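J.: Given the coordinates of chain A, work out where chain B should sit on it, guided by the hints.
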Amino acid sequence: MVTIPDDMEGAPVVVLFNAGLLHRAEPYRMNVLVSRHLAQIGYITIRIDLSGKGDTPARSQTSNRESVALDWAFIKKSLEHEFGKRKLVLFGLCSGADNAIKIAAQDEDVLGLILLDPISRQDESFKLRQIRGVITSLYKLRNIHRMLRHRLMKRHQSTVFASNLRDEPTRDDLNDCCQNLVKRQGRILAFFSDFATKYYNQQGQFGRSMRLEGLEHICEEVYWPRVEHLYSVQVHRDRLMGRIVQWGKGNLPHFKGAAVIADEKPNKPIQVRLLADENTSIAFRGLAVSESPRSAGDSCMASKPALEAKATL
Amino acid sequence: MSELAISCADQGVHVLRFDCFGTGESHGLLEEVTLEDWKEDIRAAIDEGIELSGAGQVDLLGVRFGATLAAQSRHSKIMRYIFWDPVMSGKGYLELLNRSNQAIELRHKNIAKERNLTFEKIPYENFFLSVALRQDISRIFIDPNECESSAPYFVISTNKADRALGFAHYEFAGIDYDWPDYHNGVLSQKPVLEAIVRRVTEP
Numbered sequence: 001m002v003t004i005p006d007d008m009e010g011a012p013v014v015v016l017f018n019a020g021l022l023h024r025a026e027p028y029r030m031n032v033l034v035s036r037h038l039a040q041i042g043y044i045t046i047r048i049d050l051s052g053k054g055d056t057p058a059r060s061q062t063s064n065r066e067s068v069a070l071d072w073a074f075i076k077k078s079l080e081h082e083f084g085k086r087k088l089v090l091f092g093l094c095s096g097a098d099n100a101i102k103i104a105a106q107d108e109d110v111l112g113l114i115l116l117d118p119i120s121r122q123d124e125s126f127k128l129r130q131i132r133g134v135i136t137s138l139y140k141l142r143n144i145h146r147m148l149r150h151r152l153m154k155r156h157q158s159t160v161f162a163s164n165l166r167d168e169p170t171r172d173d174l175n176d177c178c179q180n181l182v183k184r185q186g187r188i189l190a191f192f193s194d195f196a197t198k199y200y201n202q203q204g205q206f207g208r209s210m211r212l213e214g215l216e217h218i219c220e221e222v223y224w225p226r227v228e229h230l231y232s233v234q235v236h237r238d239r240l241m242g243r244i245v246q247w248g249k250g251n252l253p254h255f256k257g258a259a260v261i262a263d264e265k266p267n268k269p270i271q272v273r274l275l276a277d278e279n280t281s282i283a284f285r286g287l288a289v290s291e292s293p294r295s296a297g298d299s300c301m302a303s304k305p306a307l308e309a310k311a312t313l
Numbered sequence: 001m002s003e004l005a006i007s008c009a010d011q012g013v014h015v016l017r018f019d020c021f022g023t024g025e026s027h028g029l030l031e032e033v034t035l036e037d038w039k040e041d042i043r044a045a046i047d048e049g050i051e052l053s054g055a056g057q058v059d060l061l062g063v064r065f066g067a068t069l070a071a072q073s074r075h076s077k078i079m080r081y082i083f084w085d086p087v088m089s090g091k092g093y094l095e096l097l098n099r100s101n102q103a104i105e106l107r108h109k110n111i112a113k114e115r116n117l118t119f120e121k122i123p124y125e126n127f128f129l130s131v132a133l134r135q136d137i138s139r140i141f142i143d144p145n146e147c148e149s150s151a152p153y154f155v156i157s158t159n160k161a162d163r164a165l166g167f168a169h170y171e172f173a174g175i176d177y178d179w180p181d182y183h184n185g186v187l188s189q190k191p192v193l194e195a196i197v198r199r200v201t202e203p
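Respectively, the protein sequence lines represent chains A and B.
Our numbering puts the first residue of the first sequence at 1, with every later residue one more than the last.
Our numbering puts the first residue of the second sequence at 1, with every later residue one more than the last.
Excised from the complex, chain A in its bound form (with noise of 0.2 angstroms):
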């Protein structure tokens, strides 16, 4: 699904990943709203299912990192061929986050990276810190046994919860995405909520952990340990909402600056059909529908037997 905005001249493309197993439109329209505000504000957004999630059916006998590498070579084969060179953003929460990282570590062509929860490396005073927090709360004092029993629990109960299957980036694929937007002077909006604070538990960890001169200054960081990992509240979705937009318009014209390529293909119709290839044609199985922030219209899928939806409403 893509969002085009009123104008195209040298808007930046931001591609929005799914976060677990989840449609492409995320847990309370979290990605519709982002690709909304950020169409309403010069970008050009598209929203992917990649495969083996959403409307999209799985490869198989690939891995999930062979699978989002095809993938992404086939989303930016199409996105080039519908608007010609652009900067590249990318949106991401939790394994979304994990997929930006690792594309961003290979593909020179990201400039911008829009991340919830990813992962962080600890630095030297994180245990200490998170001693302090356990110490100085009453609440956890009083109920340490529980905590204990609750931990003991779980070391023998052979659950497989989702968050254990995340596919996460390695040390180098973080090192290699840093370095290259750090090189490149990209920027990095990063949010971290209740959900990181198993690792992350101070505003500038992540940048700090890095030990990487310069990352610090295309870094911003946003703590908010009382927000849900999935932003379940819509006061702190429309913070969230708020946030992004403020980074979006600060940096616009540093993703429109003179590095960028011009586009070749300006006027494109809204319409927008994705390329399809051999290996590929079953991802976007369906409707490919685009939408404007100016236009008004209702999203449908259909699936018609033995033959591909091409219909594009």
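What the hints contain is simulated information worked out from the structure, not anything from laboratory work.
Mixed in with the good hints, there may be bad ones.
[As the list claims (entries may be wrong)] Cut-off 27 angstroms, straight-line C-alpha distance, at most; resulting in silico cross-link-like pairs (DSS-like, lysine-lysine): (1) B:K77 x A:K198; (2) A:K140 x B:K113; (3) B:K121 x A:K140; (4) B:K109 x A:K198.
[As the list claims (entries may be wrong)] Pulled from the structure, derived: some chain A residues nowhere near chain B, Cβ distances all over 10 angstroms: (5) L128; (6) R149; (7) R184; (8) V233; (9) G250.
Remember, it's a predicted structure, so these values are computed and weren't measured experimentally.
Even for Gly, the Cβ is constructed at its ideal location relative to N, Cα and C.
T.: Just chain B now, with coordinates in the frame of chain A:
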């Protein structure tokens, strides 16, 4: 729903999925929606599906509150209604939303206590619904006897207790298991999908 649509299509049935106004990938925001908009969306989707596929008859499938909405829709081409774990009344649905909001609020209070944070005084709502929409929703319900005057209702449920709701056509499609479900029912959906595919492929 994607799996279900593909499975039905594999059996030769045309499927159209859509998001009502203000939900999913459709335009608008929930606070702008009226119940009439949603009913109109359902009618428009039926017409669109018929036009795209050339089909003469339609099965209308609704999941949870979608079933409650589907039960309000009348169209001459509807052959049968299929309800997956229906929410029987709009009032019940609003209560469910309120309970969910209260659970989030309580969780946040506990987190605040645990981490020495001040508790935020904010409206704990997953979604803002307009007063008018709330009132409209609270008035709608599924009447199991209604099907006598319209197309038949088929209920496919993962909860055995739903048998007592009094539907003439009821099928339990859950699975009996004794392990904790950490995935919000994702493990138990296959039998439901199979039951729905069986139902829609019936003449």
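J.: It remains to establish, for every hint, whether it holds in the given structure.
T.: Here is how each hint holds up against the structure:
For the proposed pair B:K77 and A:K198, the alpha carbon gap of about 54 angstroms is over 27 angstroms, so the pair is violated. Taking the CA atoms of A:K140 and B:K113, the gap is near 9 angstroms; set against the 27 angstroms cutoff, the hint holds. Our distance criterion of 27 angstroms between C-alpha atoms is met by B:K121 and A:K140, whose separation comes to about 22 angstroms. With a C-alpha separation of about 19 angstroms, the suggested pairing of B:K109 with A:K198 holds against the 27 angstroms cut-off.
The claim that A:L128 lies off the interface holds: its Cβ sits roughly 16 angstroms from the closest Cβ of chain B, which is beyond the 10 angstroms cut-off. Every CB of chain B is more than 10 angstroms from the CB of A:R149 (nearest about 16 angstroms), matching its label as outside the interface. For A:R184, the shortest C-beta to C-beta distance to chain B comes to about 32 angstroms, beyond the 10 angstroms cut-off, and the non-interface label holds. Separation of A:V233 from chain B is inadequate, the least Cβ-Cβ distance of about 6 angstroms not exceeding the 10 angstroms criterion.
The Cβ of A:G250 lies farther than 10 angstroms from every Cβ of chain B, with a closest approach of about 25 angstroms, so its non-interface assignment holds.
Figure legend: structure checked against the earlier numbered hints; hints not met, in rising order: 1, 8.
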